[in-house]
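> Next come the chains, spelled out residue by residue.
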Amino acid sequence: MDISLGMDWYLPVIWSLLLAVAIAMYVILDGFDLGIGILFPFARSELEKDQMMNSVAPFWDGNETWLVLGGGGLLVAFPLAYSIVMPALYLPVIFMLLALVFRGVAFEFRHVADDSRFLWNIAFAAGSTLAAFFQGVLLGGFVQGIKVENNAFAGGPLDWATPFAALCGVAVVAGYALIGSVWLVMKTDGAAARRARAHAKLLLPVVLAFMAVVSLWTPIAFPRIAERWFTTPNLFYLAPVPVVTLLLAWFVRRWLEEGHENLPFFGVIGLFILGYVGIGISIFPYLIPPSLTVWETAAPPASQVFMLIGTVFMLPVILGYIAFVYWLFRGKVREGEGYH
Amino acid sequence: MEFDPEILARIQFAFTISFHVIFPGFTIGLAAYIATLEVLWLATGHERYHRIARFFTKIFAVSFGMGVVSGIVLSYQFGTNWSPFARLAGNVIGPLIGYEVLTAFFLEATFLGIMLFGWNRVPRGLHVFACVMVAAGTSLSAFWILSANSWMQTPAGYQMIDGVAHPVDWLSIIFNPSFPFRFAHMVTACYLTTAFVVLAVGARYVYAGRYHEDARTMMRMAIGLIAILAPVQAFIGDAHGQNTLKYQPEKIAAIEAHWGETDGVTGGVPLVLFAWPNETTESNDYQIAIPHLGSLILTHSWDGTFKGLKEFAPQDRPPVAIPFFAFRIMVGLGVLMIAIGWLGAYLLWRRRVFETDWYVRPLQYVWPIGFVTILSGWFVTEVGRQPWVVYNVLRTADAVSPVAGWAMATTLALFVLVYAIVFSGGVYYINRLINKGPEGPAVEPPTGVPNRPLASAHEATRAAINAPGE
Chain A
207 MDISLGMDWY LPVIWSLLLA VAIAMYVILD GFDLGIGILF PFARSELEKD
257 QMMNSVAPFW DGNETWLVLG GGGLLVAFPL AYSIVMPALY LPVIFMLLAL
307 VFRGVAFEFR HVADDSRFLW NIAFAAGSTL AAFFQGVLLG GFVQGIKVEN
357 NAFAGGPLDW ATPFAALCGV AVVAGYALIG SVWLVMKTDG AAARRARAHA
407 KLLLPVVLAF MAVVSLWTPI AFPRIAERWF TTPNLFYLAP VPVVTLLLAW
457 FVRRWLEEGH ENLPFFGVIG LFILGYVGIG ISIFPYLIPP SLTVWETAAP
507 PASQVFMLIG TVFMLPVILG YIAFVYWLFR GKVREGEGYH
Chain B
2 MEFDPEILAR IQFAFTISFH VIFPGFTIGL AAYIATLEVL WLATGHERYH
52 RIARFFTKIF AVSFGMGVVS GIVLSYQFGT NWSPFARLAG NVIGPLIGYE
102 VLTAFFLEAT FLGIMLFGWN RVPRGLHVFA CVMVAAGTSL SAFWILSANS
152 WMQTPAGYQM IDGVAHPVDW LSIIFNPSFP FRFAHMVTAC YLTTAFVVLA
202 VGARYVYAGR YHEDARTMMR MAIGLIAILA PVQAFIGDAH GQNTLKYQPE
252 KIAAIEAHWG ETDGVTGGVP LVLFAWPNET TESNDYQIAI PHLGSLILTH
302 SWDGTFKGLK EFAPQDRPPV AIPFFAFRIM VGLGVLMIAI GWLGAYLLWR
352 RRVFETDWYV RPLQYVWPIG FVTILSGWFV TEVGRQPWVV YNVLRTADAV
402 SPVAGWAMAT TLALFVLVYA IVFSGGVYYI NRLINKGPEG PAVEPPTGVP
452 NRPLASAHEA TRAAINAPGE
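Protein sequences, first through last, are from chains A and B.
The first sequence begins at 207 in my numbering and counts up by one.
The second sequence begins at 2 in my numbering and counts up by one.
Derived from the structure by calculation, the hints contain no laboratory data.
Wrong hints could be hidden among the right ones.
What the hints assert, rightly or not - Derived Cβ-Cβ restraints for the label pairs, each shown as a range:
id: 1; chain 1: A; residue 1: GLY476; chain 2: B; residue 2: ASN121; range: 29 to 39 Å
id: 2; chain 1: A; residue 1: SER251; chain 2: B; residue 2: PRO388; range: 52 to 62 Å
id: 3; chain 1: B; residue 1: GLY333; chain 2: A; residue 2: LEU521; range: 24 to 34 Å
id: 4; chain 1: A; residue 1: LYS538; chain 2: B; residue 2: ALA240; range: 48 to 58 Å
id: 5; chain 1: B; residue 1: SER425; chain 2: A; residue 2: GLU433; range: 51 to 61 Å
id: 6; chain 1: A; residue 1: LEU422; chain 2: B; residue 2: VAL428; range: 49 to 59 Å
id: 7; chain 1: B; residue 1: ILE8; chain 2: A; residue 2: GLY396; range: 49 to 59 Å
id: 8; chain 1: B; residue 1: ARG433; chain 2: A; residue 2: LEU521; range: 33 to 43 Å
id: 9; chain 1: B; residue 1: GLN316; chain 2: A; residue 2: GLY476; range: 57 to 67 Å
id: 10; chain 1: A; residue 1: ASN468; chain 2: B; residue 2: ARG433; range: 31 to 41 Å
id: 11; chain 1: A; residue 1: SER251; chain 2: B; residue 2: TRP407; range: 38 to 48 Å
What the hints assert, rightly or not - Covered by chain A, according to a simulated footprint, are these stretches of chain B (three or more residues, beta-carbon under 8 Å):
id: 12; region: 101 to 110
id: 13; region: 393 to 406
id: 14; region: 411 to 424
id: 15; region: 429 to 439
What the hints assert, rightly or not - Short derived list, chain B residues pointing at chain A, Cβ under 8 Å:
id: 16; residue: MET67
id: 17; residue: VAL69
id: 18; residue: VAL74
id: 19; residue: ALA87
id: 20; residue: ASN92
id: 21; residue: GLY95
id: 22; residue: PRO96
id: 23; residue: ILE115
id: 24; residue: ARG122
id: 25; residue: LEU337
Beta carbons: idealized from backbone N, C-alpha and C, even for Gly.
Model the full assembly from the supplied sequences, consistent with the hints where possible.
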């Protein structure tokens with residue numbers, strides 16, 4: 207690959223990092239509110255369900271906006287990648303979107319409904335769980351690679367449906383449930399918080415096990431990933447990733463045991479980021495593994511620069527008012543507190 | 002069974018985007034209305050503005066939620082259904098959508114949290130500010146997405162390199178020839194749509210004798226807005242039509258079912274009031290037309306001419322029937338809107354609007370008028386752009402994703418099922434919220450209005466009769 211270190215080289219790198227940040231923001235933020243939906247069936251009373259839902263109600267819309275930024279960002283910065291990924295992962299993308307429709311409307315519908323409330327409880331739980339599952343499937347489908355000919359998707363409609371993708375789907379459900387449970391530990395009190403803490407203790411080893419399985423499966427199944435991790439000197443640079451993950455998991459476990467309320471949430475965010483970085487290391491610089499890199503799929507500099515200017519100005523502003531809203535709705539949501 | 006991916010992709014996209022446009026069509030205006038009410042509340046201290054704002058905020062929450070989830074779907078469907086389009090136009094369209102997300106979506110989503118859940122948590126001024134931000138966000142969102150749509154109608158500021166559009170001049174891309182007209186036309190349409198919902202809700206309460214003060218305020222504000230904006234919209238629409246005639250003459254020919262000067266008529270083009278456009282014979286069956294009026298409207302001159310459909314190659318002509326009929330529905334409803342607005346304004350001026358049963362009673366049912374008009378308008382402009390997805394650049398037939406027909410058929414069925422459930426749920430719950438009405442003190446009609454005792458007695462009786470059924 208010809209790398210002349212000009213704008214043509216830097217811009218796609220900057221954009222892939224920005225896109226990675228947007229998707230990470232999405233996974234963390236919508237992760238916990240989807241997680242609450244996954245844990246919904248385990249709540250014992252309607253009041254507890256209210257409390258769980260109220261803890262994310264002011265935020266979920268903003269959280270989901272990162273998904274639009276992820277999709278939109280891919281279209282903006284790497285239109286060729288977007289035009290290949292979407293048809294390749296057509297069915298899981300649509301299934302995920304439909305699941306998100308159900309759980310999204312459930313917030314307001316459940317609040318207004320009386321007799322039919324149980325229906326929207328189901329819609330919220332099933333929608334959240336399926337959305338999480340298909341996001342995992344998308345991740346798996348992306349990591350395992352997409353068949354490309356002449357810069358267009360050339361595979362079949364079910365290429366994505368592999369055991370590996372299904373494993374990733376279940377792993378993401380477990381991961382979101384974990385981050386949802388530690389969010390509840392932080393944001394609720396009483397029975398809801400106690401139950402959430404118990405869930406978090408159960409889920410933590412499960413999530414670690416999934417991370418381990420994915421970490422072993424990918425290098426075994428995909429030689430390109432093995433080469434990235436297990437050749438010198440990469441091995442020495444990359445070894446800290448799993449080590450730090452284990453260490454942090456041990457801390458989260460301890461924080462949960464010791465009754466900390468906020469630390470487990472931030473610890474789990476850390477675990478998510480580490481897992482995410484691990485995937486990034488396995489993939490980069492491919493945007494359509496195993497054939498197209500970020501440079502080959504990039505929009506021309508005119509488009510990337512135009513959008514970068516807006517992003518440089520807007521991203522701090524956006525992060526500012528998101529922080530403001532989280533600060534405004536700080537503190538715990540107590541049982542019996544009203545919706546709007 | 003064989004499925005044609007092109008037809009399926011088009012049906013699916015038409016379905017999901019038509020479903021989606023209903024919600025922004027409502028919430029853009031509603032956000033502005035709620036912000037106006039809150040500003041009035043802050044400025045005058047009248048509690049009724051606060052009550053109405055809170056009431057419509059609940060309806061806003063339900064509608065906005067549906068708008069958000071159906072909108073997320075669309076941001077992915079550009080790729081799932083139209084990946085060659087995403088590849089060809091992504092460099093140009095992508096950043097416009099990116100700017101929409103950055104400047105509008107985050108703004109509205111974040112401040113929506115404060116708007117819905119902050120009533121008792123933030124100072125009054127901050128809540129008003131949040132509402133204004135949500136309203137600004139919805140309008141900014143309209144700005145960018147209409148710019149992107151307009152670029153597909155009248156592409157500008159780009160050059161084609163190896164079959165892919167590359168941006169050359171961003172200002173010409175954003176402010177492409179049809180954008181200012183489309184933006185003005187759509188935002189005005191959104192305000193009118195909301196005004197008619199508010200009018201219908203107000204009329205429903207006035208007729209039932211409920212929420213005396215609030216109901217009258219709703220009707221007054223709505224009538225005022227409609228009386229001014231509906232005629233303004235006619236002028237904007239006319240200007241938009243002129244613009245289309247200049248840049249997309251095929252679309253105008255289809256709208257007017259104007260085939261060309263082969264029937265012996267020279268000079269002025271008639272205005273076809275009704276006809277059954279026949280694409281095989283390339284003429285209209287059962288035509289009722291007014292001579293010269295078509296010329297007068299489109300060229301603003303008695304004998305002006307414009308191109309007929311037959312002057313375009315058959316493969317470059319849009320389908321005729323949909324733009325033709327949808328346009329007539331849109332204009333017909335627009336005229337009805339002006340009539341309702343002006344009549345209401347006259348009755349308000351005569352101070353007898355709330356007592357005029359024949360005016361108030363039917364108004365309870367006018368809430369869908371704006372939605373139907375907006376959908377008709379979009380059918381005119383989108384079907385009228387065919388056979389192109391990007392006008393004169395990319396044909397819709399060449400823009401279909403490489404996705405198996407059965408996969409598209411499956412998802413289409415799922416979309417119809419899910420949206421049907423969600424939509425009926427939404428309409429049902431919004432209707433329930435309307436039945437519950439605004440809450441708070443002083444919402445019931447005063448027991449005696451000194452200067453019109455009979456009217457309020459009449460209302461009280463009506464309330465007593467209607468109350469059990471509510």
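> All hints are to be evaluated individually against the structure, with a verdict given for each.
Evaluation of the provided hints:
1. GLY476(A) to ASN121(B): 29 to 39 Å: With Cβ atoms ~35 Å apart, the hint holds.
2. SER251(A) to PRO388(B): 52 to 62 Å: Roughly 58 Å apart at Cβ, these two residues keep to the hinted range, so it holds.
3. GLY333(B) to LEU521(A): 24 to 34 Å: 47 Å, violated
4. LYS538(A) to ALA240(B): 48 to 58 Å: At roughly 55 Å between Cβ atoms, ALA240(B) and LYS538(A) fall inside 48 to 58 Å, so the hint holds.
5. SER425(B) to GLU433(A): 51 to 61 Å: 54 Å, holds
6. LEU422(A) to VAL428(B): 49 to 59 Å: Given about 51 Å between the Cβ atoms, the range holds.
7. ILE8(B) to GLY396(A): 49 to 59 Å: 55 Å, holds
8. ARG433(B) to LEU521(A): 33 to 43 Å: 40 Å, holds
9. GLN316(B) to GLY476(A): 57 to 67 Å: With Cβ atoms ~59 Å apart, the hint holds.
10. ASN468(A) to ARG433(B): 31 to 41 Å: 39 Å, holds
11. SER251(A) to TRP407(B): 38 to 48 Å: 44 Å, holds
12. 101 to 110: Coverage by chain A holds here, the residue count being 8 at a Cβ distance below 8 Å.
13. 393 to 406: Three-residue rule met by the region 393 to 406 of chain B, so holds; n is 4.
14. 411 to 424: holds (count 7)
15. 429 to 439: Satisfied; 3 residues make the cut.
16. MET67: 6 Å, holds
17. VAL69: 6 Å, holds
18. VAL74: VAL74(B) check passes; min Cβ-Cβ to chain A is 5 Å, inside 8 Å.
19. ALA87: 4 Å, holds
20. ASN92: The hint holds - ASN92(B) has a Cβ within 8 Å of chain A, the shortest such distance being about 4 Å.
21. GLY95: 4 Å, holds
22. PRO96: 4 Å, holds
23. ILE115: Holds. Min distance 6 Å.
24. ARG122: 7 Å, holds
25. LEU337: It is violated, given that the least Cβ distance between LEU337(B) and chain A is near 31 Å, above 8 Å.
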